[in-house]
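For chain B, the structure is supplied; the task is to place chains C, P, F, G and R with the ligands on it using the hints.
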Amino acid sequence: MINNGDTAWLLMSAALVMLMTPGLALFYGGMVRRKNVLGTLMHSFSAIAIVSIQWMLVGYSLAFGPDVKGIIGNLDWALLRNVGLLPNPAYAPTVPHLAFMIYQAMFAVITPALISGAFAERMKFSAYVIFVLLWSTLVYDPVAHWVWGVGGWLRYLGVLDFAGGIVVHATSGLSALAAALYIGKRKGAFKEPMPPHNLPMTVIGAGILWFGWFGFNAGSALSAGQLSTLAFVTTHAAAVSATATWILIEWLHRGRPTVFGAATGSIAGLATITPAAGFVGPDSALIIGTLAGAMCYAALNLKPVFGYDDSLDAFGVHGIGGITGTLCVGLFATLALNPAGANGLFLGNARQFYIQLGGVAVVAVYSFLASLVLLKVIDMIAGLRVSEKIEDAGLDISVHGEEGYYL
Amino acid sequence: MINNGDTAWLLMSAALVMLMTPGLALFYGGMVRRKNVLGTLMHSFSAIAIVSIQWMLVGYSLAFGPDVKGIIGNLDWALLRNVGLLPNPAYAPTVPHLAFMIYQAMFAVITPALISGAFAERMKFSAYVIFVLLWSTLVYDPVAHWVWGVGGWLRYLGVLDFAGGIVVHATSGLSALAAALYIGKRKGAFKEPMPPHNLPMTVIGAGILWFGWFGFNAGSALSAGQLSTLAFVTTHAAAVSATATWILIEWLHRGRPTVFGAATGSIAGLATITPAAGFVGPDSALIIGTLAGAMCYAALNLKPVFGYDDSLDAFGVHGIGGITGTLCVGLFATLALNPAGANGLFLGNARQFYIQLGGVAVVAVYSFLASLVLLKVIDMIAGLRVSEKIEDAGLDISVHGEEGYYL
Amino acid sequence: MINNGDTAWLLMSAALVMLMTPGLALFYGGMVRRKNVLGTLMHSFSAIAIVSIQWMLVGYSLAFGPDVKGIIGNLDWALLRNVGLLPNPAYAPTVPHLAFMIYQAMFAVITPALISGAFAERMKFSAYVIFVLLWSTLVYDPVAHWVWGVGGWLRYLGVLDFAGGIVVHATSGLSALAAALYIGKRKGAFKEPMPPHNLPMTVIGAGILWFGWFGFNAGSALSAGQLSTLAFVTTHAAAVSATATWILIEWLHRGRPTVFGAATGSIAGLATITPAAGFVGPDSALIIGTLAGAMCYAALNLKPVFGYDDSLDAFGVHGIGGITGTLCVGLFATLALNPAGANGLFLGNARQFYIQLGGVAVVAVYSFLASLVLLKVIDMIAGLRVSEKIEDAGLDISVHGEEGYYL
Amino acid sequence: MITAIIKHTRFEVVRRALMEVGVLGMTTTEVRGFGRQKGFKEIYRGAEYEVRFLPKVKIEIAVSDDKLDAVIRAIEESARTGEIGDGKIFVTDMGECIRIRTGERGEEAL
Amino acid sequence: MITAIIKHTRFEVVRRALMEVGVLGMTTTEVRGFGRQKGFKEIYRGAEYEVRFLPKVKIEIAVSDDKLDAVIRAIEESARTGEIGDGKIFVTDMGECIRIRTGERGEEAL
Amino acid sequence: MITAIIKHTRFEVVRRALMEVGVLGMTTTEVRGFGRQKGFKEIYRGAEYEVRFLPKVKIEIAVSDDKLDAVIRAIEESARTGEIGDGKIFVTDMGECIRIRTGERGEEAL
Ligand SMILES: Nc1ncnc2c1ncn2[C@@H]1O[C@H](COP(=O)(O)OP(=O)(O)O)[C@@H](O)[C@H]1O
Ligand SMILES: Nc1ncnc2c1ncn2[C@@H]1O[C@H](COP(=O)(O)OP(=O)(O)O)[C@@H](O)[C@H]1O
Ligand SMILES: Nc1ncnc2c1ncn2[C@@H]1O[C@H](COP(=O)(O)OP(=O)(O)O)[C@@H](O)[C@H]1O
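Chains as they are written, first to last, in the numbering used here: chain B, 1 to 407; chain C, 1 to 407; chain P, 1 to 407; chain F, 1 to 110; chain G, 1 to 110; chain R, 1 to 110.
Just chain B, same shape as in the assembly:
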């Protein structure tokens, strides 16, 4: 039976998650140099179009369609065949099936857009388009099936991922690392300053992401009630404690608290709580947020040591956050709050921790390797990186034929 309140909530959540991608465009767009602002916005904006189309054509069917050996969905739902206005009880019994489909579409959209932070300011747009298409089909859709699809093998093994710590953040984060390593540093990286050209834009982006994340996490309850409330509260709790943690650490470590740090911390907290949002209590969420802030702060500060140029820290925030959060499910989860979940290590169930560890490890390795292969192939076929001259001039005028500002 379709429930109006649940449908209202899921549609609204879908709209919120959709808004996250323009929010990400701003978040990332403010961080790059002025000459690449449009190229960076284009990464996110075009991903909405590319992935949504792929999703309706095949992606949704691959991810959520009838299971083939636990690995992938078949094509019975391709082109949205058999996806209609009646509920699909296996996924969301109280809302139209199409509502679940479009809600999940928004997750598929933002995930590759997250990766774009790793190769910002130097990737060919043609290569980007191909990458997003292939990556969605070969990485996102299968992993979504493993973890969330009925019959998916990781789901079957008991891996818990409430709203995408594995499916969204670990996949995108590890792929980002692969991309940063493969494409190489921006010209001048670590040698000359490349300060963000518009930090207020980044802060707006963080605010919009935070707002949308309520749809991302609390919407993943797929209904409006206790579970969505729990996820909403834990989401906010982790975001605020990560923000506070970041501010504090930076203040102690650098002598000054930055708003860029605070915004980064909030996103770290949000990414980290994602897999746990519906499985843990608010008190655990506060602790998870603190961990998120500390871990991601360390990751970002260690980046120069390792010397890869993950330009906008897609790995440092989403990779680290997604992994940390997935493990935290194995630590903090409690059946008392969500009977569909599990107890974690701290409630005596060490097994769940190992399951989480195994699940995220498999996906991390798969995402990393698959992305490397994809990038290599695209590089051979179409070339991955713009010429030095174009990199110097900036993507905006060279690749897109536009300038961001005439102020």
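It cannot be assumed that every hint is accurate.
Taking lysine-lysine pairs in the BS3-like style, the calculated list, with each CA pair at most 30 Å apart, reads [claimed, not checked]:
(1) F:K38 with C:K389
(2) B:K185 with B:K389
(3) R:K38 with F:K67
(4) B:K376 with B:K303
(5) P:K376 with P:K185
(6) F:K67 with P:K191
(7) C:K389 with C:K303
(8) C:K69 with C:K191
(9) P:K185 with G:K67
(10) C:K187 with R:K67
(11) C:K185 with R:K41
(12) F:K38 with P:K303
(13) F:K38 with C:K187
(14) B:K389 with B:K303
(15) G:K41 with B:K191
(16) R:K38 with C:K187
(17) P:K303 with F:K41
(18) P:K389 with P:K185
(19) B:K185 with R:K41
(20) C:K389 with C:K185
(21) C:K303 with R:K41
(22) C:K303 with R:K38
(23) C:K187 with C:K303
The hints are simulated quantities; they were obtained by calculation from the structure and are not laboratory data.
Just chains C, P, F, G and R with the ligands, lined up with the frame of chain B:
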């Protein structure tokens, strides 16, 4: 009976549609030259105030009040008399009547704001205020009554317009064309470059509009269930296919895909699907979006040929989009998805296509002529266009006494 | 019993109110000089973190926990103990208790952020953090308890405050006045021009605030139905009439209508209707908005006469608006629309007016004095104001080690 | 070296005029100037004040001596609207001019 | 032609001082300068680096020779805070000065 | 007074080269220049047009005569990429130079 889920959805949708007007302010504001950014923001921002007040005083009653010969509502609901907290079953049986009223108010607000793109950077603000008031009363309210009002003659004839392809986009688009023709080109138009001063602002605006459009289209179901889900999905489908189409065509035609083009394409898709959102399936929506992208791309590229200066392409996007979408209802509509709709030509019902054609033609002609007359009258009484000196200096410092940036 | 529609609405409203604080960041951030934009964003952004944590640890319990002599809640709910997923019938019988808690958290967050407008561009960040923490605990939480808490003495006396005219706006506004007086003028204030560095940012902020305010006011119904609809409509009505009033007065008074004025007017209207939103009709709301526009316009224009430097007019808008609106409840309220409210003076119940007057007066005085004491204490311990050199160089590079733009 | 401060609205016209007299390069800067031209009043939430500095474009052109007069004339004619605020032309002596790419000096470097 | 590079915070004071000694026009540019004054450290997500170029205002004033000293003195006095970073005044010779609007040359054109 | 107009991408290299030859101060401005270097085409919703003015950085350095050649050489070498658009160096005579903070004049003021 009031349904909580439906009410939540409609109020949320009203908030989303309200947000579209600030979103439009950004969308348009980024496109103009720096010296006119505030004047352009003011067009949208002040429209919220002007039209909302008109709406509560008389507009709502004229549009939706008790019918007078199919042409207009009477004044029984003026000042919101008889518009209370019980549902009005004729319009929305499961939500308070006032919720329907305020939801519709947001539509009335954004429509004249859309027109402002045609005469941006050169209209007197006093003339704008008068224009908006008169246009709302003499064009928007009657047309809304014809198409949506109980007793309205176009509604009676079977014209279908789910969320305002005729009422919002055709009216504003054709009025925009009239305005662009009447007021004349900006000084220097087509001779010197007038690049957008802040494209990131335009992209944010597009993102916000897209987000709000879910309220616009899916909210028009006036309930949260299958119909709202359908409209939500078709809205997104058309937006993404129009975006992709635009990117592709521009890439082929100009050699470079622009983010300004992508944003424009998304709005074209959204405007075009508007009348069809609750009457067609997602597959049709993908096709409609493709059409939208192609048609509006052509319209914008032909503008210099015709030589009218529709500065921000209110006609090229909303006029063309609204007409195309309205005709698409006559092609793609299916009773299988919405029994309150009709079958279109492709399901053998050519009649619906002619009805749609007739409906949009009548409104297009009416809007165009009525706007011409209005502008002429206002021009005679108060003057329409600022002096050349003011146009040179920019509206911001001359008309509003402010500057956009002290960067 | 948990109602899905109500829960959807309350969670969505919580998200909307959360978004208001980033919206406020933009609203304020655009107004300051370029060199302080990040410091100003940081005020709002960090308040989300600081206050949310305080709220979950003790704030919520102090404000809404079991009553101690009408003055304060006890610590039974500290750390969210006893705050779970079952409804708390005393506050919101149809949604999980945690949903009510997190919704209220967002109110607690934005209130001190509002105050930051008074001391923008010159406050030490360390002092700010301490101030926010103490102020929340010693001013916001008690006052929220007095007015909204079960057993609160002002609530008991019959003071009506639908969504925070007293609790949010009067407290922040009067504290802002205290702060502006205590900390003193910005260097150069009233002597040299300090125009807003980015008015489009301020206008975006106003748009987002307006959008979020629907959650603030209509969400305060704590359910989705007639009351939320009423509050939604009155909120919009007051906002638009205040906007129009401001535009008109400024046009007459200064010869030119500004978009900064229009945006300010809208916020004035929204702040003013806040306490009344669920107690009055739309027609009264239009009048209240007009009053709001006029009163706040006067307050802002008189500021130079009094010579205190409430930099971003936190007192002039929120203090004046909150007081005006609270008194308007005593004038316009009607039992016909909300049986849980009262009749006001215009329906013959002068008593309610005096109750409102008393309530707001007590809170105004308390907020003002408590803030003065707090600021004095912080000043003695940690110092309140940055050095002249830092003020000259700007907070961004000196305090936060960042710059807003590299355009 | 010729430095001209002109109105934004004349910029496109001046640019064309300069190209017609054979100017091959120039450098432009956004500036704010103040002179005979009255400023305007700005209004910000109750505060009203005089803005005296108006946005102008500064054009710098290195020319050889023989072209100097032609260039000055071209600017004068194309930038003039006859209204106050049209701007100024300043001429200064240039000791040396070098094209970085080639190392050329003097007139060839222009 | 006098070119002064000063601190933003002194701009308003300098402007008033210049008007008092009879300067009728000037042109200002936003610049970033670097000199004795230490810059500051900026921190961006783990990267910390030295910013050496600080925002300054450049003021250009064309004056007649007889006013030169008075103007220089006015700037010196009004722009000075005594702290490092107060800036510089450069004087260069101007060959010609033309008012575009009228075609006036020389001193009348200032 | 040396004025160099260079590419943004060389700025960091030039700055270092200048510090190595003992330059203690400089002032930079964002400019847009036009010269031999072709511009690029921009596309805005159907309108396509030529942008000829490319962003460059202007560096102004006041140096004493004895350092002049070294500084010019440093700029030439560090700013050169060999591709069109590398920019120009202009040298003008400076009558006077004053350090506002101390009132020092001439070489000490640099
Ligand atoms: N003495 C001056 N020194 C430097 N720049 C000047 C001077 N006088 C005028 N300018 C510049 O020329 C611009 C136009 O000057 P103004 O006196 O307003 O008009 P006009 O030249 O038509 O009399 C000013 O905005 C300023 O940038
Ligand atoms: N040699 C120079 N050439 C050009 N500009 C200079 C030079 N030295 C200093 N400046 C400008 O003057 C400003 C102030 O100089 P600085 O040495 O920091 O302080 P002070 O003049 O008080 O010793 C610098 O930021 C720069 O813009
Ligand atoms: N005659 C000139 N006067 C002033 N600036 C010039 C002149 N010629 C070139 N420039 C500046 O130098 C920059 C580079 O010049 P350009 O001719 O494109 O390259 P190159 O110097 O390598 O031949 C231009 O963008 C412009 O800013």
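Handout entry: Hint check, failures only
Key = 6, 8, 9, 10
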